[in-house]
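Novice: These are the residues of each chain, in order.
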Amino acid sequence: MSLLRSRLTQGAAAAAVLALTVGLSACGAAGEEQTEGPTRQFTADNGTVEIPQNPKRVVATGYAVPSLIEADAPLVGVSSWERGEPMMSDEDLTTYKELPQVAGETAAETNYDAIAEQNPDLIVIGVPKPIFAEIDAERLESIAPVVAVGPDVPSAWREVSRKQADAAGALERFDEVKSEYDAKAEKLKNKYADALSGLKLAHVGGYGEVENGNFQREFDGSWGTNIAGDIGAKYYGEVEEKGKGSRAVSEYPSLEELPSAMREADAITYTVNADGSVPQSVEYVMDSNLWKNLPAVKKDMTFPIKYTEAATYGQAQQTLDALDETFAPLLNK
Amino acid sequence: MTSAPPATPPTVRTARPAALAVGLLALLAAGVASVAVGARAVPVGEMWGAVADFDPLNGDHLVVRDIRLPRTVLGIAVGAALAVGGALIQTLSRNPLAEPGILGVTHGAGFALTVGAALGLAGSAVSQLGLGVAGSVLATALVYAVGRHSTLRLLLAGVAFSAVLMGVSLGIRLTSPDTLDKYRFWAVGSLAGREQADLTVPLVAIGVAFVGALVIARSLNAVALGETVAHTLGANVARVRTVTLVLITVLAGAATAVAGPILFVGLIVPHLLRRLTSGSVPWLVGLSAVVGPILMLVADTIARVLLHTGEVPVAIVTAFLGGPMLIWVVRRYGAGSL
Numbered sequence: 011m012s013l014l015r016s017r018l019t020q021g022a023a024a025a026a027v028l029a030l031t032v033g034l035s036a037c038g039a040a041g042e043e044q045t046e047g048p049t050r051q052f053t054a055d056n057g058t059v060e061i062p063q064n065p066k067r068v069v070a071t072g073y074a075v076p077s078l079i080e081a082d083a084p085l086v087g088v089s090s091w092e093r094g095e096p097m098m099s100d101e102d103l104t105t106y107k108e109l110p111q112v113a114g115e116t117a118a119e120t121n122y123d124a125i126a127e128q129n130p131d132l133i134v135i136g137v138p139k140p141i142f143a144e145i146d147a148e149r150l151e152s153i154a155p156v157v158a159v160g161p162d163v164p165s166a167w168r169e170v171s172r173k174q175a176d177a178a179g180a181l182e183r184f185d186e187v188k189s190e191y192d193a194k195a196e197k198l199k200n201k202y203a204d205a206l207s208g209l210k211l212a213h214v215g216g217y218g219e220v221e222n223g224n225f226q227r228e229f230d231g232s233w234g235t236n237i238a239g240d241i242g243a244k245y246y247g248e249v250e251e252k253g254k255g256s257r258a259v260s261e262y263p264s265l266e267e268l269p270s271a272m273r274e275a276d277a278i279t280y281t282v283n284a285d286g287s288v289p290q291s292v293e294y295v296m297d298s299n300l301w302k303n304l305p306a307v308k309k310d311m312t313f314p315i316k317y318t319e320a321a322t323y324g325q326a327q328q329t330l331d332a333l334d335e336t337f338a339p340l341l342n343k
Numbered sequence: 006m007t008s009a010p011p012a013t014p015p016t017v018r019t020a021r022p023a024a025l026a027v028g029l030l031a032l033l034a035a036g037v038a039s040v041a042v043g044a045r046a047v048p049v050g051e052m053w054g055a056v057a058d059f060d061p062l063n064g065d066h067l068v069v070r071d072i073r074l075p076r077t078v079l080g081i082a083v084g085a086a087l088a089v090g091g092a093l094i095q096t097l098s099r100n101p102l103a104e105p106g107i108l109g110v111t112h113g114a115g116f117a118l119t120v121g122a123a124l125g126l127a128g129s130a131v132s133q134l135g136l137g138v139a140g141s142v143l144a145t146a147l148v149y150a151v152g153r154h155s156t157l158r159l160l161l162a163g164v165a166f167s168a169v170l171m172g173v174s175l176g177i178r179l180t181s182p183d184t185l186d187k188y189r190f191w192a193v194g195s196l197a198g199r200e201q202a203d204l205t206v207p208l209v210a211i212g213v214a215f216v217g218a219l220v221i222a223r224s225l226n227a228v229a230l231g232e233t234v235a236h237t238l239g240a241n242v243a244r245v246r247t248v249t250l251v252l253i254t255v256l257a258g259a260a261t262a263v264a265g266p267i268l269f270v271g272l273i274v275p276h277l278l279r280r281l282t283s284g285s286v287p288w289l290v291g292l293s294a295v296v297g298p299i300l301m302l303v304a305d306t307i308a309r310v311l312l313h314t315g316e317v318p319v320a321i322v323t324a325f326l327g328g329p330m331l332i333w334v335v336r337r338y339g340a341g342s343l
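Which chain is which? The protein sequence lines are A and B, in order.
Numbering-wise, the first sequence is residues 11 to 343 according to my numbering.
Numbering-wise, the second sequence is residues 6 to 343 according to my numbering.
If we strip away everything but chain A, and leave its shape as in the complex, we get (with noise of 0.2 Å):
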């Protein structure tokens, strides 16, 4: 019932899967021709691993796909992600276009000779630390030297994408698409000072689950709050009981109970689509009569947040961007 909860979870499954597949398939790769050069030691969840200081052919997968695409990293072969595209550039969908796809979504549509064929020097696995476990990652290691780097809270990609770039040799367009994104908050931090300080948020995130009667809300450090975070917004509460990854920092109250949860907002945000549809379980939200009856409804002082699911920071300032949208009323306020 909850088997996609979060997109953590999500993509962290997916990836996971795909990656079992590989490894279970890959057993007839054991031996194969391993990238010559310099290597050095690097540390990832999966312990130290030995890498190519300069890796030529790079598979990636789950969340390092997106993060590599957009550090210019030599990729050979990547899994599908398709979530991600509409948060990609028309440049680095074109690149995710024109990569050999080593797998689909799911296991099912894994390919293995896909991955034999690009005869990789590194791979880059971006799924959380718990789903790694469950990836037979010796028969990975018999292709190539495989890194895990994966998002253990949503806040977390900050760190996990430079982390994959890394490995991938790729800092260096990374920093700089790091230092536009550290640019453009700080530029909206400083334009929304006053319109966000002492502001009271709640977030209403997308992942509700209708079928339950329940709606899903976000505090300081989710998807949909974490990047808002950046240019000032601060979300008030904390999760009752804290769970793993995503649920460390949102939670599924029952309908019922939106008004107590959202009685002291001065404001509420929720997530919609890229194209800015408002998704089914923020809609169950939005249709009832208690939301209606919320002050900051009212008031008028909701805000639709588009591009939440961003975990790259090229991906993070089109959120930015959407932020700037969504909260421009709030200078005339």
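All clues given are correct.
A partial selection of chain B residues facing chain A, derived with a Cβ cut-off under 7 Å:
| # | residue |
| --- | --- |
| 1 | 64 |
| 2 | 68 |
| 3 | 193 |
| 4 | 197 |
Derived SDA-like pairs (lysine to any residue); straight-line CA-CA distance at most 20 Å:
| # | chain 1 | residue 1 | chain 2 | residue 2 |
| --- | --- | --- | --- | --- |
| 5 | A | 309 | A | 335 |
| 6 | A | 107 | B | 182 |
| 7 | A | 302 | B | 59 |
| 8 | A | 308 | A | 206 |
| 9 | A | 308 | B | 66 |
| 10 | A | 107 | B | 180 |
| 11 | A | 194 | A | 341 |
| 12 | A | 66 | A | 47 |
| 13 | A | 302 | B | 74 |
If you anchor each label on the Cβ, the simulated ranges turn out as follows:
| # | chain 1 | residue 1 | chain 2 | residue 2 | range |
| --- | --- | --- | --- | --- | --- |
| 14 | A | 296 | B | 183 | 20 to 26 Å |
| 15 | A | 297 | B | 233 | 53 to 59 Å |
| 16 | B | 154 | A | 143 | 53 to 59 Å |
| 17 | A | 335 | B | 332 | 55 to 61 Å |
| 18 | A | 123 | B | 101 | 51 to 57 Å |
| 19 | B | 99 | A | 107 | 57 to 63 Å |
Hints are computed from structural coordinates only; laboratory data are not their basis.
Virtual Cβ for every residue (Gly too), placed ideally from N, Cα, C.
Knowing the structure of chain A, use the given hints to seat chain B on it.
Specialist: What follows is chain B alone, placed relative to chain A:
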């Protein structure tokens, strides 16, 4: 040689009205519990106020009026539809393991939703409802076209067609994560999250079909004795069978479309009542319409409080309750009850 239906023992004649009265009282209690229990604590006074003196600015009143009451009404309708549908199909097929979904209703609805989601047509609750109904009706019509000549053939066609639809649906979902995500909402079988959809049409359809079931029940009494006996008693078997199948399709199709696949209610409720009703189909239908909603409301209320972390889909609770109940019936009354 034929024989007349056995006379009803006097004890059974008095037990049925008593059971109906007790059932109605239990249904009232289950309904009150369904309105009273939830994630938000609502005082009894506010519950009554939500009905008698509604204040649109009062959060408690809104919870009762907008969430719990619609959900309770939905639970009653779905429980009654599934239980009556189960009583009809078991009587018609003379097969104790039959349940409404056996005619392809459930998998027809699932297939239509899967295809609709893949084509981008299942974005709203209303469109999902429409797809579910359309899939149920089309699947049952196809099953009927193939197996209309005999009940056994009908059931086999239903099973086979359901398997085909299930396989094709699964194939589509496996290759399309977006489709899987949309299908997931419907597939869990739940009464939650439906309260904002306009359910007038399915609820009216269920009500009309229930009345139809009561009307056809006397004729089904004869069919339940076997086709030869039914012919001897003057029943038009073909017409009764056709009308009954239409009623089952409407009942199960509407219930499945609004709440998703909820198993066991249609299977277990008729079994619970079979001995009590002692072969009277009208009483079986009538009591099923009372006990089905009780089971559904109790399961739905439990579903809200079972886990402190959130709700459990009601279909899971009905399965947990229904399985042991079926085993109990078998142990209590022996295989003859089936």
